[in-house]
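Go ahead and model the full structure; you've got the sequences and the hints to work with.
Just so you know, the protein sequences line up as chains A and B, in that order. Letter 105 of the first sequence, counting from 1, is numbered 105 in our numbering, and no numbers are missing. Count along the second sequence starting at 1, add 1000, and that's the number in our numbering.
FYI, nobody ran anything at the bench for these hints, they're computed from the structure. Using N, Cα and C, we set each Cβ at its ideal position, and we do this for glycine too. Don't take every hint at face value.
[To be verified] DEER-style ranges, computed between Cβ atoms:
(1) D294/A <-> A1133/B: 51 to 59 Å
(2) E162/A <-> L1139/B: 46 to 54 Å
(3) R165/A <-> A1290/B: 47 to 55 Å
(4) T1115/B <-> I296/A: 33 to 41 Å
(5) R1288/B <-> P158/A: 35 to 43 Å
(6) A1133/B <-> G290/A: 43 to 51 Å
(7) A1290/B <-> R221/A: 42 to 50 Å
(8) L74/A <-> A1290/B: 35 to 43 Å
(9) I288/A <-> L1209/B: 44 to 52 Å
(10) H282/A <-> A1133/B: 56 to 64 Å
(11) T1205/B <-> P321/A: 21 to 29 Å
(12) F1153/B <-> S82/A: 53 to 61 Å
[Unchecked claim] Incomplete in silico selection of chain B near chain A, CB under 10 Å:
(13) V1126
(14) V1190
(15) T1191
(16) A1193
(17) Q1196
(18) A1198
(19) T1199
(20) R1202
(21) R1206
(22) E1207
(23) L1213
(24) A1215
(25) G1284
(26) R1288
(27) S1289
Okay, here's what each chain looks like letter by letter:
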Amino acid sequence: MTEKTSTEEFPFVDEHSGPLLRLTDVNTSFHTVRGEVRAVSGVSFELARGETLGIVGESGSGKTVLSRSIMGLLPRSGVSQSGSIVFDDTEIVAAPVATLRDLWGAKIAMVFQDPMTSLNPVVRIGRQITESLRLHTSMDKSEAKATAISLLEQVGIPSPVERFRNYPHQLSGGMRQRVMIAIALACAPRLLLADEPTTGLDVTVQAQILDLLTSLQEERRMAVILVTHDLGVVATRTDRIAVMYAGKIVELASTTKLFANMAMPYTQALLNSTPRLSDPSHTRLTAIDGRPPDLIDPPSGCAFSPRCPYATEQCTLEAPPLRAAVGDESHLFACWNPLPGASAGAVLTPEGAS
Amino acid sequence: MSNLTDAVQVDLTPESGLPTAVVGKAKSKKLGWFFWFCVAWIAVVIFGAIFAAYLGLQDPNNQNFGSINQGPTSAHWLGTDDLGRDIFSRIIYGARVSLIVGFGGMLIGMSVGGTMGMVSAYRRGVTDTLVSAASYVMLAFPILVAVIAIVAFWGHDLWKITIIVGVASIPLVYRVVRAATLSYATRDFVTAAKAQGATDWRILTRELLPNVLPAIISFSLIGVASIIILEGALAFLGLSIAPPTASWGAMISESRTYLNVNPWLALFPSMAMFLFLIALNLVGDALRSAMDIGEGKL
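Put into structure tokens, the structure is as follows:
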């Protein structure tokens, strides 16, 4: 697996202005008949302008809910949210819909998982792109059309002028996802949330779409949050990676450091469950035993302890806090027994080593 | 059978996403000559009703006691009734009542019930619960009994009857439109539109409406047919438009007394109503299946 060499690919990131996005102790829970589901609990991180953050985790680890929370797109009833999400001086938690609507599409955009269902089947793709341009900018019809056609060209759609008049069913999955990206990028957002943008696509198309996202991001100096369950997807395309488990961030580090010194057994388990080209044929896939915990009644202590090969008694009793590795303030992890191979850098701070 | 081949052909669309001729063929499903025959029949009836005064017909209310209760003759193509009035002319003028009540009533039902159905399915929550409950209460009422009671108290002008049957159709339209909208309201493209900053109004009119329109159109044609039957039933009970104004239901009702003398009197208005209703139903049904884009074809 190749590693991203450095963050120097994004020299344009303005170091002087504050972070683009700051999450402080974000909690999101759903009220169901069975009880309260804590889908996201105590998540804090910052995202710099132009940075790419990968959010990785299994199904049900809360990554989609987290991305919807950042967007402010959660339903209004049956959901409770606390903490603070500040996007470029705008507080998103509990903001009125009118405030959010000015951000949506214009400053924050989203690419959805399934391009088959996220385009309106009875509306021409051209109008679906111009819709958001007309809404957020003062462009007239012909300007919007010209912009839309150039967007279609930028996302690599051949003969964009003809495509402009097509309906979604006339396009393949990969093409539709390109159209979704064109729609998301129409108003030059500062932050793009890509929620599993390639999960519904063929493997051959996946790489194309991810490369497209990367190159567009560089052109536009846009921050991207790439949500995925596939460590392989984020390995080469992100600056930092946050690993989520049971609604919490369990490890957060720059991509290079994470792959070099992973501290969390869960991160390792995720990596081990990725198939490799170098494996001989018919190698059994390594799966993580057990299932993700029930978020209504999570286990006491570390949520991963029931499935963790390194778990000790302490793990089942006390939840490990998210703390910095010794000698590296930027590498955070939540584990009592970090991986032995995690090198000398990843040793617990004294108060945690009891 | 044709559905099956269509679906298979669409699956073969190459990954390049080029719109192939196959996709185009699958889209334009043949409606058939019979569909167009029904459409033509509806058009003829509507044309006749609108331009009845200019067709050189005999006065529908002109009584001629020289020729009463006649069968079809060259002077009176469909015969005459017990007052010597020309049946052909009365059927064409009578279509006006059925059409105004039918289409007018449906228009009321659609604009009120349809709007409420879409809003209710899109907003969900308390709005949906309350309006749905109200619609169930209205549906639990036997429509004919309620309409008869209201007509008896309020009177039976043409516009009053139209409003009454229109209001009576609201809960049914509401349920149909709500169900059709519900299946689209939670789709990703609605969330995607919201994520682009679209307002609720925009989502309702530009995202949801084009998707539910096929269901609305086909249901409204069938709804018009049901309302015409309701009007016929009212007329038969003597609770529709006051005589001597012709209406299909009233003509059938008046023919009862002379069934053994002049069966033509009952036959022709019944045929007019039957043919018009069956044409409406067939067109509505054909449109529904033609516009029904199966999930597999998306």
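Taking the numbered hints from earlier one at a time, note which ones the structure violates and give those numbers from smallest to largest. 1, 3, 11, 24, 25, 26 and 27
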